[in-house]
Every structure is written in C-alpha cells, then in structure tokens.
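With the hints as a guide, bring the two chains together.
Read off the chains here:
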Amino acid sequence: MLSLILLSALLGSAQGEVETRPLDYVCPMDPDVRATVPGSCSRCGMKLVAGAIDSIEYGVDLKLQPSAPDANRPVELIFTVSEASTGKQVRDFEVLHERLFHLFVVSESLDFFLHEHPLLGPDHRFRFRTRLPKAGMYRLLCDFYPKGGSPQFLERTVLIPGAQGVPRTPRSLGSDLSEKSGVNMAVELLMQPGNPIAGMKTLVFFRIKPADGLEKYLGSWSHLLAVSDDLVDATHAHPFLADGGPQVQFNLIFPRARTYRMWAQFQRKGVVNTVVFDVAVSELK
Amino acid sequence: MRELAQVLWENRAALDQGRVLHSRGNQAGVRSLLDRFTRRWLRCLLVVVLSCPATDAHEVITTKITWSRETSRVFNRRCLGCHHDGGPAFDLSSYEHVRPWAEAIKQEVLERRMPPWGAVKGFGDFRDEGGLTEMEIAVISSWVEGGAPRGDLNLLPKDLKAKKERSLPPRTGETLRASGTLTLRRAVKIVALRPEVVPEGASLRLIAERPDGTVEPLIWLYSYASRFRRTYYFKVPVSLRAGTRIRLQPPIGTIALLLPGD
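Residue numbers (the working numbering), protein chains in the order written: chain V, 1 to 285; chain C, 286 to 547.
Calculated from the structure, these hints are not laboratory results.
Heads up, a few of these hints could be off.
[Stated by the list, open to error] Covered stretches of chain V (in silico footprint by chain C; criterion: 3 or more residues with CB under 8 angstroms from a CB of chain C, positions within the stretch not fixed): (1) 27-35; (2) 159-165; (3) 199-213.
Built from N, CA and C at the ideal position, the CB exists for glycine as well.
Next up, chain C with everything else stripped away, as it sits in the complex (with noise of 0.2 angstroms):
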C-alpha cells in the first residue's frame, strides 16, 4: 500500500496533466501503471489511497500549529519555488492544493525525499541548500499528524506564493572526477560538485584531507535519486594544496569537481 502510494505520490502531475514530470525514472512504472488502469481509475485509486483521512470531517485536531500560521512559511520558504500554479511541479500555494496530500508531504519530508535537495545539512557549505532544517521537518510532521489544521487565514504570510530569487551561479571550467582516491598534483579551488555516476539509493561522503593535517568535510549525499542531479555549489570555493586526498566513502561511484571558469 504505501509503495503504491509512492508510486502515485511521486506521478501526481503526471496523472493532472497527462504527462510525465518528477518522474523520469519512474516512466516505465506510470507506463505500466496507465496500461492497467484508465486514467479516471487511477485518479480514483489516489483519492482513495491517500484522501480519505484528509477528507474526514470527524478528525481529531491535536495540535496548535496551524497552515496559517507555521506551515504556509516552511512551504513559502522551501516547496513554493517549484510547487506553484504554472511551475515545474504541481500547485501547493493553498491549504485546499496542500490538505488532501497532507499524509503523502509528511513522509516525503520525513524521508528526507522532498524538497530534493538529496545532501545532508552541515556537510560543506552550499548556496541556496534546498533541504529542510531539523526545526522545519518538525514543524510539517506535527502538523500532519495533529490534523492539519487551517488555522486562521489573517495570519497567513503576505508573500505566498512568490518565487524566490536565486543568485546567478558562478562559471565553472575545467572538471576533475573523484572516483575511489584522487590526489591531487596541483593546487586548486573548487566551486561546485556534481554527481556522475552514483548508485541509486546511495549514502556517500566526500572529504577532503589536505597535507597539513586538516580535514574538510565536501558533501554528504544521502539516498541518492538521479532524477534529481543537481551541481551543488559552494558558497565560499574550497581551496586544496597540491598533495591533497580527496576520498568518496564507501568508493563508489564518480562526483565531479568543478574548478573556476573565465
């Protein structure tokens, strides 16, 4: 039950739409899901699966925090850049686009799967980290489960459903690839990573171990999702003397290392 809710969780624009987005590592199972069932079959399946406790008007309310209140500011901040009418992923800029989904955002958040930041906090130092922080995943998760309540929509945030600025990043020339132990013949600065190849579901870190003893932590990915690659890139470029050990734990897989451009 709860994979097919993944399943339809993760293909929801697609179902809205009739195409596929988010999902492209998922198409041979929508594929294969849309041959099964018409799509009115499969837009019953989803309100059953995952709207039926949202919609019951008899749920206990538990818990103080309100969308109005708390809630709408997490989203504002972390999910509305993506999830807003017209963008990328499908609308979630309103308590009645957010309420019947509300289970399925608690387990995606919980799991650290959405936003899709795919990195763990405090591990290098990124621009525009799309994560949530520990306080922000509390806040969702016990808003869900004490019944997701509206609140009082006065005190909802003035700038829903803005976008969010994002600053130009910087250019990026040459490439070097960690894959198992890289030393380094040269100094250099490195203002960005990107995943190559990495396993799905993979947890791996990258550091780096300069010669005079010092050690910097580069990135941590966490439950790797290649649908949503992304270069990650560092808010202050990482310098490293020539002699330097950059390692991947566990050795698999490839993170390229992005160097300054023109």
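Chain V with its partners taken away, still in its complex shape (with noise of 0.2 angstroms):
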C-alpha cells in the first residue's frame, strides 16, 4: 500500500503536479502570480485575491457623441460596462493599475496609438473626448475590472467616413527593432530567439539609456501593447522581471505568424516615454 502511495506521488509529480498545497492568492491579471499570503502583485501591482476565480463575462457598450463624427474633429466615447449573462449594468469598479479604466485606442495603418483614461461619470459610465485623426477603423481595448469579478481586456470597434465611406488602410509593417528615441531616454530592444516563433515562448528585453531614473508608470515599470498588422491579435502585458534597474523583461507569446507593432511604455523622472517596434513572428518548421 504504501508503495502504491509513493509510486501515485511520484508519478504525479512527473506529471506536473507542482503545486503541493492550494497557494491562496493569486494576482487576477497575471494568473502565474501567486503567494501564500495576501499582498499585492510582483509584477502589475495589482491587489491579490484569495482562492480561484471563477470569471463572469461581461460587455462594453459605446456609444459616441456626437455619433457620427468627423475625423480630426471632438468626439466623446461612452462606455457602459454590464454583465453578459443578465445586462445588467455595472456600477462599481476596482482600481486597476491606479486607474478604473484604461483604454488603448490604435488605428488600422497602426500610426495612431493612445492609451488614456476614461472617467467614471455618476451615471456609472466612462467618457473620454478625444479626435481620430482620420478616416478608417479605430480597433478601441478597454481595460476593466468590474467588482466582483475579474479583469477585462475587451475590444470594440469605431469607424470614420470619409468623403467616399469608410476607407480600408491595412499597413503592411516591416521588421523594425533598431533603437528608439523617447523624450527624455532611448530604449534597445533584444529577443530570445532573436526571430520569434509563433507560439512559442519569447523573451523580449528593453535596455534603458541613460539606466538611471526609471520609476513606475500606472503601479509598473512599463506597460506594452502588441497588436498584429491585421489588428486581430491583441496583448497588453506588463513586466516579467523589472527592478528599476536598466533591464526590463517581457515574456511573450506571439500567436501568430505576422508582424506584431508593440508599443513599450517606461515613465523616467516624471516622464512618459512611448517607444514602437515592429517584430516579424515566424511559423514554427
């Protein structure tokens, strides 16, 4: 009996089984963060929670104002949180990275990127005004994380006429990983492999210059946006290891074989700075 016992332990620990008791908190965001003891995530800040969680599904309604807007001209977004299951509107909101919303918005040509926040109104929706700049397709992520439930990363769609309709401007990007200039540093971009593959694991280095005066921006330090060139795919991802010092690593999973655009940002002595690279993802032979 007991080397039955011994045999289904082993046995279980080859195959995989490394947890040897429940870890009670685990971040909601990043769910490969856990701890024995409450506290607040390594890697995004955010606030443990205790046990698993099981996710409810929710929706984004948007509406603009006015709704059918120029482009280059003001235009507010609304947007109504509510449950998938009941419609039922959401009206209270955990702070996410300092924040109770967060909202990327990037064009179909990929030259447009914001990453701002809405503010709750007493109506329980958030407005942002803004102008997009030209005619086309606005893909819009909205980052969440209604009460009770779990964080959203959830997409919506605006598009802008034209004299002659809605055009389509699908940008064919080449690789580009040289350095990148910001405001006030310049950042260098390693990967490992140097040529990702789709589906598989890349390390993605960004090295800080001057490596001085790096402070954390939005609870980390650094927060990047990857959208493919087809604006399908869509990753917000913060830090896997980051100290301050000049090294800051991502580890990615590209999903598939095209060129993904990420915007990298890194906040140093007060100020944001956005930097681009364009990587070319492989299929995997």
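This is the structure:
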C-alpha cells in the first residue's frame, strides 16, 4: 500500500503536479503570480485575491457623441459596462493600475496609438473626449475590473467615414527592431530567440539608456501593447522581470506568424516615454 | 509536420469513432489518409506526432497556471458545450483527456480556429459569442507553454462538464443579400447575419453606412471556414434607414441579412 502511495506521488509530480498545497492568493490579471499571503502582484501591483477565480463575462456598449464624428474633430467616447448573462449595468469598479479604466486606441494603419483613462461619471458610465485623426477603422481596447468580477480586456471598433465612406487602410509592416528614442531616454530591444516563432515563448528585453531614473508608471515598470498588423490580436502585458534597473523583461507568446507592432511605455524622471518596435514573427517549421 | 498534425487533430474524432466529425471540408484528405494507412497505423502516428512531448515525464514546469485552477474554467465556458462525453466533438472535460492534446489545442486557440466562432470580437455585438477573449487565449497558451501542469484537483470548478444553456434565437423572416455594396430602399431591422458564399480562409468586414453619417460595424469574419458556417444573431437588432449603404470589404462573397420573422 505504501509503495502504491509513493508510486502515485511520484507519478503525480512527474505529470506536473507542482502545487503541493493550494496557493491561496493569485493576481487576477497575471494568474501565474501566486502567494501564500495577501499582498500585491510583484508584476503589476494589483491586489492579490484569494482562491480560484470564476470569471464572469461582461460586455461593453460604446456610444459616440456626436454619433457621426468627423475625422480630427472632437468626439466623446461613452462606455457602459454590463454583465453579459443578465445585461445588468456594472456600477462599481476596482482600481486597476491606479485607474478604473484604461483605454488603448489603435488605428488600422497602426500610425495612431493612445493610452488614456476615461473617467467614471455619476451615471456609472466612462467618458473620454478625443479626436480620431483620419478616416478609417480604430480598435478600442478596454481594460477594466468590475467589482466582484475579474479583470477584463475587451475590444470595440469605431469607424470614421471619409468622403467616400470608411476607407480601408491596412498596413504592411516590415521588421523594425532598431534602437528608439523617447522624450528623455533611448530604448534598445533584444529578443530570445532573435526571430520569434508563433506560439512559442519569446523573451523580450528592453534596455534603458541612460540607466537611471526609471519610475513605475501606473503601478508597473512598463506597459506593453502588442497588436498584429491585421489588428486581430492585441495583448497588454507587464514586465516578467524588472526592478527599476536598466533592463526590463517581458515574456510574450506571439499568437500567429504575422508582424506585430509593440508600443512600450516607460516613465523616467516624471516623463512618460512611448517607443515603437515592429516584430516579424515566423511560423514553426 | 505541422500540416500533418493539423489534419490529424481536425479528424481526431473521426479516428476515434470511425466517422468524420468536425471535418466535412476535409473528407477527401481523411479518406486519402485512411487509404494509405490502416486506422491502427494512423493512431500510432498520431501518438508519435502529438503525444510524445505530453508524456515526457521530464518536462519542466515553468508556469503556475494550472488545469485545476485556471484552464479548466476557460474550457468549461468555451469548449465543453461541444467537447463533452457524448457530445458532437471529442471529450475535453478532464485533465487526462486534454493533456495529450495540449500542444495542438494551443495552436488551434492561437490561430483562432477553435472555438470555431469565426468572427473577430468587438466588431458587431452578438448573442452567445463563442470566441475566446485575449485573456482566455493567454491563459491557455501560457499554461501549455509552461508544461500544462494539472494542479490541485480540489480547485476544479464544481460544474465542470455542465452544458451551457443557450437562449432560443429569434425568428427570422425575409432575407436580403449583401455582395459588394447594397443600398437599402427601405428601413429594415437586421436580427442576424449568415455567410452565404465566402471564400475559404477569407477575412472580410461588413459595415453599414447610414445616411446621417453614423457607421455600424456589422461583422468581421476572420479566416473563414465553411464547415463551421453559422448564423450570427445580434444581441440587439440593428436598425438601418432607407439609403443606408451596406458594404462588404473587400467585396468578395455574399452575406445574408436576416430580417425579423412573424
């Protein structure tokens, strides 16, 4: 009997049963960050929650004001969050990286990028005023955390017509891994493997120059948005390893053999720097 | 190798049960494979191609994401509606069923072939959306890439294997067809869309440009697979006035616009 128990224990560990006992606290946004005691996520700073998280599905309704905005004219984006199964509007939200709502906007041409924070109004809707510079398609990536639920990263689409209707402006990206200059810093990109493969983990290292003065921006040493050139894939990631020193490491899995545009954001000496790299991802052969 | 793995994966149910499920579009490919090998040989090949890494007792676990805690919950929501014992697709309701296929599942999920929703999320608002969110894709791919650990089975969701209840779709009546550009001669409400003729693998968008300048994203089909053709029901019917231009971009194929029935 004892040998059977031992054998089963060995087989269990050989099959990857790494948890010897339940780890009680998990980051709702980075589920591979665990702890046995309450606290904050080492990667993104979010409050850890106890137990396994049963996700609830949510939807985002987007209204534009005016409803037919012209390119490069003011438009207010109004977001209403509701539970998908009941349609009930969500009224309360958790703070997520120091804000209640993070909005990324990317144009189909990939020329336009925005990371801003709509504000919650008394009607429990989020509002943000901006200008969308040209006619075409914009993908809006909405990052929020309903109280009692789990963090969400949901997409919406805005189409801005031109004189001949909504133009298609797809972008054919080449690889661009060259060092980039921000406002008060330069960023060098290194990857392992050097030519990323779809579906395989890629270690992405950013090296900051000069090496001093890096600060957390919205609770994290860096924020990265990676979007495929056809706008089908979008990933918002935080560093896997970072300590305020000159190297910031992300672990990414690029889903498909496409080219991905990455916007990496850092804060140095009070100034936010956004740098852009284009990464060509190969198919596994 | 990857193409072979793909064919084998898509026809796993057929190999298990001696019939073709999930794969009407690939029947010729399956038959030719079956002509060349006996089913037993094919099973052996299947094991060699896809299962070797999964049964490697020395695989390094590099993730804390586990089947019991995270991945099973995604499967519960998104996969088990079809992939359950006795269901239309093979069983993926337990770690033992899923683990040998983990690598292939990751590829299917990352390429957005599975679940076979076929439309890009956030472009049109549909009932019972079946596509994975970016966060769900990240959970599955990180779990597989990290060695697909099982974890503590006490953390499994209580209702694993539960069938998802879906609401009855609304009745539909008259059908309009959009090929290229369709200009509406009267006001209509669209309750659903159904691809009629779309080239295999095509990605296209259908948008509605109203006379008042507002634009409605209707649907964005991605990497179209006719064997998974379905009707997409809007959460809320889309009202369009006379004079609205419905445009297919690029103008290839035909999509049916379903109006309300009695």
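Hints versus structure:
1. By the rule of at least three residues with a Cβ nearer than 8 angstroms to a Cβ of chain C, the coverage given for the stretch 27-35 of chain V holds, with 4 such residues.
2. Given as covered by chain C, the stretch 159-165 of chain V passes the check, having 4 residues with a CB less than 8 angstroms from a CB of that chain where 3 are the minimum.
3. For the stretch 199-213 of chain V, the stated coverage by chain C holds: 3 residues have a C-beta nearer than 8 angstroms to a C-beta of that chain, and at least 3 were required.
Of the numbered hints stated above, none is contradicted by the structure.
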